[in-house]
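Those sequence lines, one after another, are chains A and B.
The working numbering puts the first residue of the first sequence at 5, with every later residue one more than the last.
The working numbering puts the first residue of the second sequence at 170, with every later residue one more than the last.
Please keep in mind that the hints were generated in silico from the structure rather than gathered at the bench.
There could be a bad hint or two in this list.
Just a sample of chain A residues kept apart from chain B, beta carbon distances all over 12 Å, derived [as the list claims (entries may be wrong)]:
no. : residue
1   : Gln70
2   : Asp73
3   : Ser77
4   : Asp79
5   : Gln84
6   : Arg171
7   : Pro207
8   : Val243
9   : Leu302
Here are the simulated distance ranges between beta carbons [to be verified]:
no. : chain 1 : residue 1 : chain 2 : residue 2 : range
10  : B       : Ala794    : A       : Val236    : 28 to 38 Å
11  : B       : Ala794    : A       : Lys152    : 56 to 66 Å
12  : A       : Ala274    : B       : Ala798    : 29 to 39 Å
We put the beta carbon where it would ideally sit given N, CA and C, even for glycine.
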Amino acid sequence: MSFSFSWRRQKNVAPVESDPFDDDFQRKLESLALVSRRVFAGRLRAERRTKKSGSGVEFADYRDYQHGDDFRSVDWNVYQRFGRLLVRLYAEEEDLAIYFVLDASASMSFGEGKKAAYAKRVVAALTYVALANLDRASIVTTSDRVTKRLPETRGRARIFKAFRFLREVEFSGKTDLGDAMKAFVAQNKRRGLAVIVSDLYDPKGFERGINILRYHKFDPFVVHVIDPAEAVPKLHGDVLVQDCETGEAREVTVTTSVLDQLSRAHARYAGDIERFCATHQVSYVAADVERPLEELILRVFRKGGFLR
Amino acid sequence: MILTGLTLAQLGVLFGCAGLGVVSLYLLKLRRRTVLVPFSPLWDRILRDRDATALFSKLKRILSLLLQLALLALLVLALGNPRIGERLLAGRTLVVLVDASASMQATDVLPSRFSAAKDEVRKMVRGLGAGDRMLIARMGADIAPLGPMTGDAPVLERELDSIDVTDAAADFPRALRFANDVLRGVAGGEIVVVSDGALGPAVDASGVVHLAQATLAFVPVGHSGRNVGITQFSVRRYPLDKSRYEVMLELSNTGPSPEEVELQLLGDGALVDLTKLALGPGERLPRFYPLLSGASRTLEAKIARTDGTHDELPADDHAYALLPERHRSKVLVVTEGNTYLEAALLLGEYLDVTDVSPAGYAQAIAQGPWDAVVFDRVAPAEAPRVSALYLDPAGPGSPVSVGKELLAPTFDKVDRAHPSVRYTALEDVNISVGHRLVAESGDRVVGASDGGAAPILVAGTRGGFKFVALGFDVRKSDLPLRPAWPLFVLDCLDWFANEDSRYLSSYRTGEIWRVPVEGAAKQASLKLPDGSLERVAVHDGHAVLLGEKAGFYELTTTSDAKGAAPAEAIPTFAANLVDASESAIAPRDKLVVDGRSAGQLVGFHLSAQRDAWASLILAAVLLTAIEWATYHRRVTV
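Please build the complete structure, drawing on both the sequences and the hints.
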């Protein structure tokens, strides 16, 4: 089975390749599953171990027999040895809520829109992995607010709905991850894994949005989309540098020295993000748009412990 | 500094207005290109650091403005055409005499002294001020002004490029008189002589050359004088054995050190003789080579140093000569019989003699062509159209009238310069009886009796053909018994055939050449040694020209004055430098004219007198380049 997207060229809509995964890659995706550092309570039975005791296959504990318990769960061996009626308890397996927070601000479609296209493909791939594992997947696009939302969905067949949703995402507006995450946590009461796919170009600081998720008991996972070309822009001479989101302008005389400094600042900024995530036990993966998607999913994500 | 263009006030106004414009433009904010970036805070981080050096940046911008104002100032100043030095405004008038004599070919200054002299003049031309005027003249065997008096440097440089050095000595007195004439009436005129100084005294036939009001400056060229040259070269055939010839030459070592040279004689291009010679400093070594044979036309002498090094003056290392051309002459002898005459003609190795009686003359002359006719005691009714020797002529056809009889005439007076009596002794010839000859205008009395009053030997031309008339019968004298008799007969026939035993083997460069030309042509074409052609006028049977190049020449006459069709090719002739004064190439430090030493040339320092506007423009361009480079390297922005 293969997916095909018909790409319509429209303003601020980053392209998604017509065939994001081939069959082989898709089969590999099916064997993967997203890993959450925390254990969340699910709603339906699934493949995720929960804190609940229930009808799972994994032994959890004993308790005294109470009236009305199923006789089949009485441990007769214990009764024979100790003369007590004890009932076996098993860990319940439920589904996991996974939220894909896609940054749909204007900076993501900057230049040739490589970051936007790449981010869409990453979200599409991870969504497929989630749906294939019977998890509840939800996609949320943000700028300085939650701009669009794909409600929680479950089941592999819903992947087309996710693709359709992604295809229609438009990239515009300012980035304010903090405000956007406030709205997100207010809208989603069920805690779960929150995968932020963004360039994290937030003038108010990338930390706010991640911290809000942490404070509200979500398990944040940062996929930092990086376009190396932005670190070495092809500029020279006297220019008026204008932010594509805020419109703020600044006169700059671009020299080789300035370009070197910019490249260093870009690397330093990415380093700050990675350091922050490491410090706060937030999973972090740098997604270089020049890196093949298959390599990112199958090697980098698995190496980082996000997929197993 | 004096402004010869716009005045200072005008320049001030111009600079003020333009400067205001520059400052206004500078104050206008530079419209920058807007560039979108994904995340401007990254740029803010950089710019925070750069803001710390904002003051320095402002200073750099001021430096940029100052550079532009300096650029403007230079351009405005150039409009003023400033000049340094007051005396230039007075304007100088100069006559520059460039020595083009043979000694200027010396290579002690590479590539040659003449090139160095031209370079010196070129510097002067480029140092001319606005009011200066200059006339450049080539000083060779004659004086040739290259153009009018002008201050136009490009014109003067073109004139300078056109001149070439000669193989002749310079006529310095004539050049000085020319310069004096040019500067007559000009206050403060200057004569500049650019030369190696080997010009000889400034004295000519009119006496010492006096410099009128003009001042004389001398620009010396050259620094050494090592040279060995051929200073004499002559060749002639023996009168009675024309297959042999003799050569006389002279070598001169004009340098300060002894030299060893190898002398080659080449006959018709083939080696005839090779000799090694040693010459002391200043030595002149004459050499005589008798009884040479093996060459029929051309003879060359070459010298080269035995150590293989090159002479500093190659022009005098090569000399050229031509031997008189030998050809068999057909001679018709009209006689009743004259044994003495027949015997004399037998000595002529290249003579084809035909005897005929007077009665058979008409038929014989019609069977020509003949190179000469000898009439013995007869004269034809009509003079033949060929050169003729008349012995005791009688009859109406005689070229000269025969006068009264002379008893026992003698050769009291003999014109020794005439070729018909060369090497003869006629003064003691005894003659029993003869006749006085009446020479016509233009005829030359070669021998005369009665103290020179009674011509008995006359030579001249009739109708373009030569004749010699002897006024007595040789059988009535003892002349046939003397060696002078056959010599006289053969001399006459040689003269008729232009085979002069005193033949001029080569001409000397720097002199007026009179090259004999047969026929009535008025113009001739001259092929020079370098292959170029020149038209030469012919006067009185001679092509007249001033020769300045050594080598072999070829002269071709044309049938009419317009020079339409070639009529007769005259054999080539040779020309040589052979001038000991030109071979002495040691340069002189001083030049003395009219008892005064020539001064040094002053006031032609390129930096001081060149038009300053060019330098200002150059400086402006340089500043523009600096501004451009610093702008693009972001030093001044």
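Hints versus structure:
| no. | hint | in the structure |
| --- | --- | --- |
| 1 | Gln70 | holds (62 Å) |
| 2 | Asp73 | holds (61 Å) |
| 3 | Ser77 | holds (59 Å) |
| 4 | Asp79 | holds (62 Å) |
| 5 | Gln84 | holds (71 Å) |
| 6 | Arg171 | holds (23 Å) |
| 7 | Pro207 | violated (6 Å) |
| 8 | Val243 | violated (5 Å) |
| 9 | Leu302 | holds (28 Å) |
| 10 | B/Ala794 / A/Val236: 28 to 38 Å | holds (31 Å) |
| 11 | B/Ala794 / A/Lys152: 56 to 66 Å | holds (59 Å) |
| 12 | A/Ala274 / B/Ala798: 29 to 39 Å | holds (37 Å) |
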